[in-house]
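From just these sequences and the hints, can you work out the full model?
Anchor point for the sequence shown: position 39 equals 39 in full-length UniProt numbering, and the numbering is continuous, going up by one each time.
A hint or two may mislead.
[Said to hold, decoys possible] Here are the simulated BS3-like pairs of lysine-lysine, each with C-alpha atoms no more than 30 Å apart in a straight line:
1. Lys108 / Lys32
2. Lys136 / Lys7
3. Lys7 / Lys32
4. Lys101 / Lys32
5. Lys7 / Lys135
6. Lys101 / Lys115
7. Lys115 / Lys32
[Stated by the list, open to error] Computed spacing ranges between beta-carbons, pair by pair:
8. Lys135 / Pro104: 37 to 45 Å
9. Gln106 / Asn79: 13 to 21 Å
10. Arg19 / Pro104: 22 to 30 Å
11. Ala85 / Lys136: 46 to 54 Å
12. Ile128 / Leu16: 28 to 36 Å
13. Ser99 / Pro6: 41 to 49 Å
14. His109 / Arg19: 15 to 23 Å
15. Pro30 / Ile133: 22 to 30 Å
16. Gln56 / Asn28: 17 to 25 Å
17. Asn80 / Gln106: 12 to 20 Å
18. Lys135 / Ser45: 35 to 43 Å
19. Glu82 / Ile128: 42 to 50 Å
20. Asn79 / Gly47: 16 to 24 Å
21. His84 / Glu116: 21 to 29 Å
It is worth saying that the hints were derived from the structure and are not from the lab. Yeah, the Cβ is synthetic: ideal placement off N, Cα and C, and Gly gets one too.
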Amino acid sequence: MFKALPKSRVPRQIALLNRISSGPAAVNLPTKVSSIALSFKFQNSNGHMGARRFWQLYLPQVQFNNPQVPISINRFWANNREEHANIPATLTITFADGSSKAIPVQHKHSDEILKEFIEAAGATPIPIEQQVIIKKSDESDKYTAAR
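In C-alpha cells, the structure reads:
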C-alpha cells in the first residue's frame with residue numbers, strides 16, 4: 001500500500017503523517033460542505049477499484065485538512081451476480097443548505113475522482129508552503145513541524 005517507507009519506527013510514522021498532511025488532496029473545503037459519503041463494493045471488480053484507492057490515498061488528506069467535515073464510508077458486499085452488477089460506486093457531497101451532489105465514480109481512476117471532487121465541492125488547494133510537513137533538523141536529532 002505504501003511504497004518506500006523507512007524501516008525504523010519513528011521515521012516510518014513521520015512518513016505516514018506527512019502522507020496525510022500534504023499531497024494533492026490537501027484542500028480547504030468551503031463552509032458550505034457539510035458532509036462527504038463514499039459508497040462502493042468490497043470487491044474491486046466492475047469498476048470499484050478507483051473508489052477504493054481514492055478512499056485509501058486521498059480521503060485521509062481531505063480529513064486531515066478539514067476535521068470539521070464528517071466523512072462516511074459505506075462498503076457493500078454483493079451476494080450474487082445481480083447484486084454484483086447493480087451496486088453503484090458514488091461519492092456524495094452534502095451541502096449546508098441540504099442539497100447534495102452525487103458523483104458517479106464507477107470505472108474511474110482515483111486521480112480523476114479527486115479532480116471531480118475538488119471541482120464539485122469548490123475546494124481550494126492548500127499551497128505547499130502552508131502544508132504541515134515534519135522534518136528532521138540537521139543540527140540535532142529532533143523533528144519539527146514546518147509550514
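Hints and how they fare:
As the CA atoms of Lys108 and Lys32 are separated by approximately 26 Å, the hinted pair is consistent with the 30 Å bound. At most 30 Å may separate the alpha-carbon atoms for a hinted pair to count; Lys136 and Lys7 meet this at roughly 16 Å. This hinted pair does not check out: Lys7 and Lys32 have alpha carbons roughly 42 Å apart, beyond 30 Å. Proposed proximity of Lys101 and Lys32 is supported: the alpha carbons are some 12 Å apart, at most 30 Å.
A hinted pair counts as satisfied when its Cα atoms are at most 30 Å apart, and Lys7 with Lys135 qualifies at roughly 17 Å. A hinted pair counts as satisfied when its Cα atoms are at most 30 Å apart, and Lys101 with Lys115 qualifies at roughly 15 Å. Between Lys115 and Lys32 the alpha-carbon distance is near 19 Å, which keeps this suggested pair within the 30 Å criterion. For Lys135 and Pro104, the hinted distance range of 37 to 45 Å is satisfied, since their beta carbons lie about 40 Å from each other.
Checked against the hint of 13 to 21 Å, the C-beta distance between Gln106 and Asn79 comes to roughly 19 Å, which is consistent with it. Arg19 and Pro104 have their C-beta atoms about 27 Å apart, which keeps the hinted 22 to 30 Å range intact. Taken as a hint, the range 46 to 54 Å holds for the pair Ala85 and Lys136, whose Cβ atoms sit roughly 50 Å apart. Taking the beta carbon of each, Ile128 and Leu16 are about 19 Å apart, not inside 28 to 36 Å as hinted.
Between Ser99 and Pro6 the CB atoms are about 45 Å apart, so this pair conforms to the stated range of 41 to 49 Å. Our hint of 15 to 23 Å for His109 and Arg19 holds, since their Cβ atoms are close to 19 Å apart. Between Pro30 and Ile133 the beta carbons are some 24 Å apart, a value that agrees with the proposed interval 22 to 30 Å. Range check, Gln56 to Asn28: Cβ separation about 22 Å, and the 17 to 25 Å hint holds.
For the hinted restraint 12 to 20 Å between Asn80 and Gln106, the CB-CB distance of approximately 19 Å keeps it satisfied. Remark: the range hint 35 to 43 Å for Lys135 to Ser45 is upheld by a beta-carbon distance near 41 Å. Our hint of 42 to 50 Å for Glu82 and Ile128 holds, since their Cβ atoms are close to 47 Å apart. Our hint of 16 to 24 Å for Asn79 and Gly47 holds, since their Cβ atoms are close to 19 Å apart.
Remark: the range hint 21 to 29 Å for His84 to Glu116 is upheld by a beta-carbon distance near 25 Å.
Consistency with the previously given hints fails for numbers 3 and 12, ordered from lowest to highest.
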